[in-house]
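K.L.:
Sequence:
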Amino acid sequence: MRSSIFLVCVMCLSLTQIQISMADLVDDTCKQTPNNDLCVSTLHADPRSATADVAGLAIIVVDAIKAKATATVAQINTLLGSSPDPKTKNGLDSCLKKYSNAILNADIPSALEALQKNNPKFAEQGTNDAANEANSCERSFAGGASPISSFNKSVTDLSNVASAIIKLLL
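Going from the sequence shown to my numbering is simple: count from 1 and add 62.
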């Protein structure tokens with residue numbers, strides 16, 4: 063009986079230690095990114111981070127980029143439906159192409175595929191390309207204010223975090 067209780071105690075301590083070391087992995091990894099707070103909050107919001115290795119953490123952040131890019135497309139479509147002025151409409155049309163064609167159909171899928179195939183250099187390229195497209199979108203509003211600046215910033219920031227995590231795999 064005593065040995066059973068001892069064994070249960072050892073197992074509980076081991077599980078606690080594993081959870082602590084996984085939390086340490088998130089914290090240690092995020093400290094090496096350009097936006098520690100965004101990294102930590104993104105990873106802690108996803109239950110997969112509790113058991114992920116560094117490659118798994120990168121996949122979680124790339125999935126977050128995909129979710130934010132999808133939300134950006136929805137916002138662009140909403141704004142286009144409200145008949146914006148011609149300059150804003152041109153900028154939104156340009157952004158819609160960048161998000162739909164480049165980020166969601168090329169950059170993010172290639173980054174995820176590269177991570178799954180253990181090819182971090184191509185994954186890094188995909189996340190860098192997503193950041194570049196979001197920045198290009200921001201510049202699409204010919205001297206006017208972008209109505210989706212916060213979305214572009216989120217995609218850029220998440221892409222930079224993902225890129226930094228992926229660099230740890232090189």
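Treat the hints loosely; a few may be bogus.
To be verified - Computed list of lysine-lysine pairs in DSS-like fashion (alpha-carbon distance at most 27 Å, straight line): (1) K229 x K151; (2) K183 x K93; (3) K229 x K149; (4) K183 x K149; (5) K215 x K229; (6) K93 x K159; (7) K128 x K159; (8) K183 x K128; (9) K151 x K128; (10) K149 x K93; (11) K128 x K229; (12) K93 x K229; (13) K179 x K151; (14) K93 x K215; (15) K151 x K183; (16) K179 x K229; (17) K159 x K149.
Simulated from the structure, these hints should not be mistaken for lab results.
K.L.:
Could you tell me which of the numbered hints above are not met by this structure, giving the numbers in increasing order?
P.N.:
Violated: hints 1, 3, 4, 6, 10, 13, 15.
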